[in-house]
Amino acid sequence: MTITPVGTLHLRHLISQRLRTAFDRTFGRVAPRLILLFQLAATLAACAGTAPADTGTTGGNVVARGDGFVIAQTRRDDTYEALSNEFFGNSDRAETISDANGAISLAAPRLVAIPLRPLLASAVYPEGYQVVPILAYHQFVDGKSTNLMKMAKSSFEQQMDYLRDHDYHVIPLGDFVGFLNGKTSIPKRSVVITIDDGFRSTYDIAYPILKKHGFPATLFVYTDFIGGGAALNWAQIKELSASGIIDVQSHSKTHASLAQSSKEITAQQYASRITTEISTPERLIYEHLGKRVSYYSYPYGDSSVTVTRALEKGDYGAAVTVWRGGNPSFASPLMLKRDMIYGNYSLADFQNALQVYVSVVAP
Amino acid sequence: MTIRLPVSILLLGAVQTFLVSCATGGSGVSGNEQFQLSQQEMARRLESQGHLAEALIHWQFVAATQTKGGAADLEITRLKGIVAARRAELDRKGEIAISKGQTKQAKVYFLQALSFDESDAEARGKLREIDLKELWKQQDEKNKNAKDTRDVEDER
Chain R
53 MTITPVGTLH LRHLISQRLR TAFDRTFGRV APRLILLFQL AATLAACAGT APADTGTTGG
113 NVVARGDGFV IAQTRRDDTY EALSNEFFGN SDRAETISDA NGAISLAAPR LVAIPLRPLL
173 ASAVYPEGYQ VVPILAYHQF VDGKSTNLMK MAKSSFEQQM DYLRDHDYHV IPLGDFVGFL
233 NGKTSIPKRS VVITIDDGFR STYDIAYPIL KKHGFPATLF VYTDFIGGGA ALNWAQIKEL
293 SASGIIDVQS HSKTHASLAQ SSKEITAQQY ASRITTEIST PERLIYEHLG KRVSYYSYPY
353 GDSSVTVTRA LEKGDYGAAV TVWRGGNPSF ASPLMLKRDM IYGNYSLADF QNALQVYVSV
413 VAP
Chain W
25 MTIRLPVSIL LLGAVQTFLV SCATGGSGVS GNEQFQLSQQ EMARRLESQG HLAEALIHWQ
85 FVAATQTKGG AADLEITRLK GIVAARRAEL DRKGEIAISK GQTKQAKVYF LQALSFDESD
145 AEARGKLREI DLKELWKQQD EKNKNAKDTR DVEDER
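Protein chains in written order, with this note's numbering: chain R, 53 to 415; chain W, 25 to 180.
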């Protein structure tokens, strides 16, 4: 029978005086050795720096919960990336977890706070606020071009390399919409890439480069163009959509400006045209790709209250203009700003379009 | 019998030392305490820098590892009071600035209010309204000019 010292002390209250005397005679002889053993064990434990939960427990060992976060015990030599993977299935939240814990070292096991939702969903701070640039591309060419709407392959590759090498995070438009709704956490230097129209060069030139970099992009197609000489066909669009890299969305039916024309004398005439420009691409994209569109790109960036109301009614989550600038968390989802990236842009021009933070001077 | 007391005390001391050593990783401070101290330090630093919303979050982390009604809960109540007062003041200043047509100044006030309290729907709504108003002003001008151009083209 093995008796632990603590159990022994408890037992001593239950046994008779006679037995206690006998016990003490025996135990008294071995006590000094036992004490030495325990002191030795204590010293070894202290020197080894062993914490209680470091006995084969996982990094996902939750010890407390709060509103929107958990407190967890880490393993020795844990990392914020590993914690993000363990709790969220990917490393995207590593920065958020690190921020929540003051980027403290995880070399030794310790308790850490794991936010389950964005710490500050609005990304508005006393000194300034985060903005997300949405980049707008159109056509791509293998060589050089004087057409501003055509981006040289080499320039596009250089721009994507720049994003990769300078800690920018290219996020899907859907993640940005989640950020606007306070539902999704996005990294600090987030950027969204969009491509308008549906030129074939999206498939031939842009897609392989985006794929190589693992950058998601949204392709806005106007459906009257599809199948034309320089345009993508539905098979290619389907392939792009299935890739998981390209999200196909609507850019109207005809690419006509959605501003009211002088020929549209009545509001009803105008509204009827707008309905067609919204509903036709919805139907065609659904027929060919089996997906419902939820984002819209205004041709020439032109919008009106009639258009935004129609999109709102159609449950669209976002619509993009071509007004320059980054978008804060409080931006209006149906009037998002975008930066056109022109073919004659130098790398410095491209850098200027990447505004990710706006400073505020306190009142 | 002379060794009865020392054995008990020494034995207890040894066990205690062993358990504490295990619990603290040899640092003398438990994992829980270590976590609380580091989070409290972050909360105080952030508050001193005016980052009230973030300070509140760190106090909430501490509170989760304490018994209800602990020191962190008191800090949370205190900080929430400060946030509510500042937010109300900034929202009011923002409204006054708007009424005077000082939209840039109003935007700064509402941004400050939102930075203190993310749930400030009024500040968020006003900021969206200010930005949207500016965008529509530009868009309407562009639409009008485009319309004029089209009219000239139609007349030709």
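Do not take every clue at face value.
[As the list claims (entries may be wrong)] Computed Cβ-Cβ distance ranges for the label pairs, DEER-style:
no., chain 1, residue 1, chain 2, residue 2, range
1, W, 94, R, 404, 49 to 55 Å
2, W, 73, R, 410, 15 to 21 Å
3, R, 399, W, 104, 46 to 52 Å
4, W, 113, R, 327, 44 to 50 Å
5, W, 102, R, 260, 28 to 34 Å
6, R, 263, W, 109, 36 to 42 Å
7, R, 117, W, 108, 24 to 30 Å
8, W, 149, R, 401, 45 to 51 Å
9, W, 109, R, 140, 34 to 40 Å
10, R, 344, W, 101, 25 to 31 Å
11, R, 117, W, 126, 28 to 34 Å
12, R, 201, W, 108, 33 to 39 Å
13, R, 214, W, 101, 43 to 49 Å
14, R, 396, W, 101, 56 to 62 Å
[Unchecked claim] Straight line, CA to CA, 27 Å or less: simulated DSS-like cross-link-like pairs of lysine-lysine:
no., chain 1, residue 1, chain 2, residue 2
15, R, 264, R, 315
16, W, 104, R, 315
17, R, 240, R, 196
18, W, 124, W, 104
19, R, 235, W, 166
20, W, 128, W, 161
21, R, 343, R, 235
22, R, 365, W, 157
23, W, 168, R, 235
24, W, 166, R, 315
25, W, 157, R, 205
26, R, 365, W, 168
27, R, 240, W, 131
28, W, 92, W, 131
[Unchecked claim] Which residues of chain R face chain W? A few of them, derived with a C-beta cut under 8 Å, are:
no., residue
29, 114
30, 116
31, 156
32, 168
33, 387
Simulated from the structure, these hints should not be mistaken for lab results.
Quick caveat: nothing in here was measured; it's all calculated off a predicted structure.
C-beta: ideal position from N, C-alpha, C; glycine also.
Problem set entry | Violated hints - listed by number, lowest first | The structure breaks hints 5, 6, 8, 10, 11, 12, 15, 16, 17, 18, 19, 23, 25, 28, 29 and 32; every other hint is satisfied.
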